[in-house]
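K.L.:
As a plain string of letters, each chain reads:
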Amino acid sequence: MVRLRFSTGWPMATSLPPLRALRQALHLPPDAPVLRPALWIGAAALAVLGAYGAAAGWFSPQRLSPRRIINTFNANFGEHPGYRRNHAKGVCVLGYFEGNGSASSLSTAAVFGTTRTPVVGRFAVPGGNPGIADGSVPVRSMALQFSSPGGEQWRMGMNNAALFTVNTPQAFYQQLIATRPDPATGKPDPARVKAFYAAHPESAAALAWGKSHPPSTGLGNGTYYSINAFELIDAHGEKHAVRWAMQPEQPYAALGKPAPTDPDFLSHDLQQQLQQGPLRWHLILTLAAPGDPTNDATRAWPADRPTVDAGTLTLQNSAPQADGPCRDINFDPTILPHGVALSDDPLLAARQGAYSRSFNLRTHEEAAAQTPAARKVNP
Amino acid sequence: MTPSTRPMRFSLPARVLHWLMAPAIFVMLLLGSGLVTTVSIWRPLLLDTHKTLGMLLLLLVLLRLAIRLTRGAPALPSNMPGWQRGLAHLSHWLLYGLMLAMPLIGWAMLSAAGYPLPGIGGWHVPALMAPDVVRYALLRHAHGVLGRVFFWVILVHLCAGLAHALLLRDGVFNSMALRLRR
Ligand code: HEM
Ligand code: HEM
Ligand code: HEM
Numbered sequence: 001m002v003r004l005r006f007s008t009g010w011p012m013a014t015s016l017p018p019l020r021a022l023r024q025a026l027h028l029p030p031d032a033p034v035l036r037p038a039l040w041i042g043a044a045a046l047a048v049l050g051a052y053g054a055a056a057g058w059f060s061p062q063r064l065s066p067r068r069i070i071n072t073f074n075a076n077f078g079e080h081p082g083y084r085r086n087h088a089k090g091v092c093v094l095g096y097f098e099g100n101g102s103a104s105s106l107s108t109a110a111v112f113g114t115t116r117t118p119v120v121g122r123f124a125v126p127g128g129n130p131g132i133a134d135g136s137v138p139v140r141s142m143a144l145q146f147s148s149p150g151g152e153q154w155r156m157g158m159n160n161a162a163l164f165t166v167n168t169p170q171a172f173y174q175q176l177i178a179t180r181p182d183p184a185t186g187k188p189d190p191a192r193v194k195a196f197y198a199a200h201p202e203s204a205a206a207l208a209w210g211k212s213h214p215p216s217t218g219l220g221n222g223t224y225y226s227i228n229a230f231e232l233i234d235a236h237g238e239k240h241a242v243r244w245a246m247q248p249e250q251p252y253a254a255l256g257k258p259a260p261t262d263p264d265f266l267s268h269d270l271q272q273q274l275q276q277g278p279l280r281w282h283l284i285l286t287l288a289a290p291g292d293p294t295n296d297a298t299r300a301w302p303a304d305r306p307t308v309d310a311g312t313l314t315l316q317n318s319a320p321q322a323d324g325p326c327r328d329i330n331f332d333p334t335i336l337p338h339g340v341a342l343s344d345d346p347l348l349a350a351r352q353g354a355y356s357r358s359f360n361l362r363t364h365e366e367a368a369a370q371t372p373a374a375r376k377v378n379p
Numbered sequence: 001m002t003p004s005t006r007p008m009r010f011s012l013p014a015r016v017l018h019w020l021m022a023p024a025i026f027v028m029l030l031l032g033s034g035l036v037t038t039v040s041i042w043r044p045l046l047l048d049t050h051k052t053l054g055m056l057l058l059l060l061v062l063l064r065l066a067i068r069l070t071r072g073a074p075a076l077p078s079n080m081p082g083w084q085r086g087l088a089h090l091s092h093w094l095l096y097g098l099m100l101a102m103p104l105i106g107w108a109m110l111s112a113a114g115y116p117l118p119g120i121g122g123w124h125v126p127a128l129m130a131p132d133v134v135r136y137a138l139l140r141h142a143h144g145v146l147g148r149v150f151f152w153v154i155l156v157h158l159c160a161g162l163a164h165a166l167l168l169r170d171g172v173f174n175s176m177a178l179r180l181r182r
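Protein chains in written order, with the UniProt record's numbering: chain A, 1 to 379; chain B, 1 to 182.
Treat the hints as calculated values from the structure; they're not laboratory data. Ideal Cβ placement from N, Cα and C applies to all residues, glycine included. This list has only true hints and no planted wrong ones.
To list a few chain A residues with every Cβ distance to chain B over 12 Å, as calculated:
1. Gly135
2. Thr217
3. Asp234
4. Thr312
Listed next, with one range per pair, are the computed distances between beta-carbon atoms:
5. B/Trp93 with A/Ala184: 51 to 61 Å
6. A/Thr371 with B/Val16: 39 to 49 Å
7. A/Gly291 with B/Leu12: 53 to 63 Å
The task is simple: from the sequences and hints, build the whole structure.
P.N.:
See below:
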């Protein structure tokens, strides 16, 4: 290596046939240095290739990527082209949010002022199977997109549980694998599920919460929680850690057992209720005290934390997701307006990556399904 | 190095922009290919940086093209074989095309998906088109494929540039070298 740096030419090496050939090809004089330059060029190219490959994960096949997570959803639930890889079954809703000004001292977000912000939303049940019966899972979700003037948006995805079973993307992935349905029975292997929860004691709080909070009879009388923590930023740049919930004006009633036989009772019931009039929720902000965990979706904050009713969500109409306005929306919870910021919860970044991958796949499939039809209409 | 009617070197603004943009574009490729393959807590920051830097690079490439079209380029060495000349011109216009297309596609695909657009403070750049799932799918695919093409074209361009500097020593590298004096 030292020789490589200091020698001007190696009599042996410089007369090697490939080097002679290179000289000839480039019309260089017979004594022109080619070995060292060629090595430098190769080294530079390798360095650039290596940096790019490292970023793209070529050398870390064990890296947890959005692709791996989404492939696992596909393996668990089967391929359903055009559908979301999780929360595949859902229904679109339309309405608006009216802030009441109470949260304006906590956050500069436009939606908290006394204005009306249009909202497109989606209710869903979890899992990648769009044909699942509503009664077969206790979880439901509400996703919303607020569109403020000037191109600002706030997107959120909330579940009807205050806590999550895992607090890292890695554990989420392990949970997906542990709950994969056994092809023989169509059900997850109870032993593997048990082993997962035994290895993840942090999931106990969410499981216990679920046991003591049976799902509501319908979508309209459920509470939907942000689960993940966020930050509100006020006009002085001061940050306030927050979790929030959409609390229904309709009184909660627990869903009895057995669940209704109609596999689509949730959306049918919602449609009926909306025909009678709009449904309303209050956006309740819960403010953390110093030391409350913001990076752990499995841990509750003490019940005495102050809350603020920031405004009212009014939903007026629903539409099927097949061609409704929520179909091509990625309810990515990291899309936030000025005045709201991400916390240090690692699930949020993972959700951004996984939702994007799911969105890219399903829009690609949707486009493929639409183009032949579009060609027929407009040859 | 004898004086001639055509300049020996690219104009100073062209050289400054070339060497400012080269690392920035490489960083854009690292950010892009890194963020689509990770779920780490850095992802949102990588994505924000990617979008902001990408829009900035769009401004710079417009400036650069304007300079290129008004101030021209130095002649390639007269003894350069024709195929090399052809390849050099082809690859340079390919690079300009990709420098222009990548940020435009990025901007257009965010518009087509109905995503919020990058901006400063409360101001956001306008949408280039109304949300449209078919266009989004096409643009998102193109952003990924052309990003990969861009990387390989840059790698070949880097090797060619270094070959001029170290092997051929024909003044081509000097024509783009940043040396501010002389
Ligand atoms: C790392 C953890 C998580 C992963 C990997 C994950 C993955 C996914 C994916 C792939 C989708 C489909 C997105 C689309 O195609 O638009 C989805 C939807 C959804 N997720 Fe998650 N999720 C995670 C955590 C959570 C948490 C903590 C919540 C609750 C706060 C949540 C609530 C939702 C909701 C509400 C939807 C449906 C959005 C809609 O209706 O379009 N997810 N999730
Ligand atoms: C992202 C990376 C890069 C991009 C996008 C890029 C782009 C370009 C473009 C478009 C030109 C043509 C200039 C014109 O004709 O107006 C050019 C010329 C040149 N580039 Fe790069 N470049 C990059 C990196 C590099 C690197 C790393 C080197 C180092 C070897 C390099 C060396 C050169 C040289 C020597 C020229 C002058 C060629 C001539 O005289 O015709 N470039 N580059
Ligand atoms: C020089 C300009 C740019 C380069 C070289 C570049 C390159 C890339 C690359 C290589 C990827 C990974 C694609 C894949 O593997 O599928 C990517 C992703 C992405 N780029 Fe760019 N990009 C540029 C400009 C922009 C701009 C201006 C925007 C938006 C304003 C943008 C938005 C995005 C987004 C949102 C993604 C990830 C999308 C997803 O998660 O699906 N890019 N970019």
